[in-house]
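Heads up, the sequence shown is in UniProt numbering, so the first residue is 1 and it goes up one at a time.
Bear in mind the hints are in silico, worked out from the structure with no lab data behind them.
Backbone N, C-alpha and C fix where the C-beta goes; we use that ideal spot for every residue, glycine too.
The hints are all genuine.
Each computed EDC-like pair below joins lysine to aspartate or glutamate, with the alpha-carbon atoms no more than 16 Å apart: (1) 277 with 356; (2) 271 with 236; (3) 51 with 344.
Pairwise CB distance ranges, derived in the manner of DEER restraints: (4) 170 with 111: 35 to 45 Å; (5) 195 with 107: 10 to 20 Å; (6) 124 with 276: 28 to 38 Å; (7) 223 with 166: 17 to 27 Å; (8) 360 with 235: 20 to 30 Å; (9) 261 with 197: 19 to 29 Å; (10) 198 with 291: 32 to 42 Å.
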Amino acid sequence: MVSLHMRRFVSVFQKGLSGLSQLLLELLYLRKGRSQTYAGCPVLKRTLVDKIPRGSWDSHMHVVSDDTEQDTTREPVYHASLHETITNIRYNVQVDPVEYPLVEGALYTPRPHPLAQALQFEASTGIRNIVLVQPSIYGTDNSCLLDALRALGPRHGRGVVAFDCNTIDTVTLQKWHQWGVRGVRVNTQSIGMHMGEEELAATLRGYADIIRPYNWVLQLYVPLATAVVLENIVPELGVRVCLDHFGSPDLLVVSHNGDPYNIPGFHSLIKLLRQGKTYVKLSAPYRISGDHTWGDLEPVGRELLKVAGMSQTIFASDWPHTRFEGLDVKPYMEALLDWCGNDEALIERVFKGNAETLWGVEL
1 MVSLHMRRFV
11 SVFQKGLSGL
21 SQLLLELLYL
31 RKGRSQTYAG
41 CPVLKRTLVD
51 KIPRGSWDSH
61 MHVVSDDTEQ
71 DTTREPVYHA
81 SLHETITNIR
91 YNVQVDPVEY
101 PLVEGALYTP
111 RPHPLAQALQ
121 FEASTGIRNI
131 VLVQPSIYGT
141 DNSCLLDALR
151 ALGPRHGRGV
161 VAFDCNTIDT
171 VTLQKWHQWG
181 VRGVRVNTQS
191 IGMHMGEEEL
201 AATLRGYADI
211 IRPYNWVLQL
221 YVPLATAVVL
231 ENIVPELGVR
241 VCLDHFGSPD
251 LLVVSHNGDP
261 YNIPGFHSLI
271 KLLRQGKTYV
281 KLSAPYRISG
291 DHTWGDLEPV
301 GRELLKVAGM
311 SQTIFASDWP
321 HTRFEGLDVK
331 PYMEALLDWC
341 GNDEALIERV
351 FKGNAETLWG
361 VEL
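My request is simple: use the sequences and hints to build the entire structure.
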């Protein structure tokens, strides 16, 4: 409620306000993201950038054919702001298929999406810290990701790589760790691979044994139905596990306002979250939902936030939305804020705090 003194102030000075004074008065009425109006003052609303906590992380994005020119004879220079990072690193616009070749049998050929574009996108959302994730099109050749990660620097970047357990060596792992790598990705979903329970268990144990000394994350892109198997495997791995894209649920079995516990694997996902070693990315709703308002996904998102929002759910954009290029992720970010009930403490954990814990960010 506006005080009597303030009402008198507005009454006396409103008609003669300059542009700057008008702005100051509008700001005076802005409170906790919702503006109040009085005597014809225009409504101010907080933008998405205003709502995203400072120091937030985008925990899943890709760079494709990043053509950063670096002087590899010296250590890269890390800059304090995204603007400085963008303007102090030189970028070509040509794709170099020799330097960054696609893996044989790649399911799609992407357009170039270099680090400069990634940083410009993040600046538009108010996020300055990013996790670069190895896309399936590059197989186990992490060159593109690592070049971008080195240019970004460990202050604002982390990386999740892919490697062959049979060929990786300690020297390489240590070097990657120095550059900011904090996880390895196992991706069966993108390439339609199916593993039986024993094969999956053996594969995950192999990766866990390698990454455990570095406290890295085992990131999985697998169908949610696989969680029934993971429920028995994850507790014995001795590493933290992170599931991509809401755990990749099959929403076809759920009605618009259906119960998420009807989805195959959802019960097991909740059990994994409650065990405390599993995280889930709230990312890429367009890969899961056929509803442009994500009404069929909302019950899943809200339940995940209810169970583990303060500890093990993390936001990610999935930029550049490969095979969905041109998509605007900002409406989804607004929806996620709404699913958080606009609870500032919960939003801080989903966009910032949980990611800092997962990726080993030193504050």
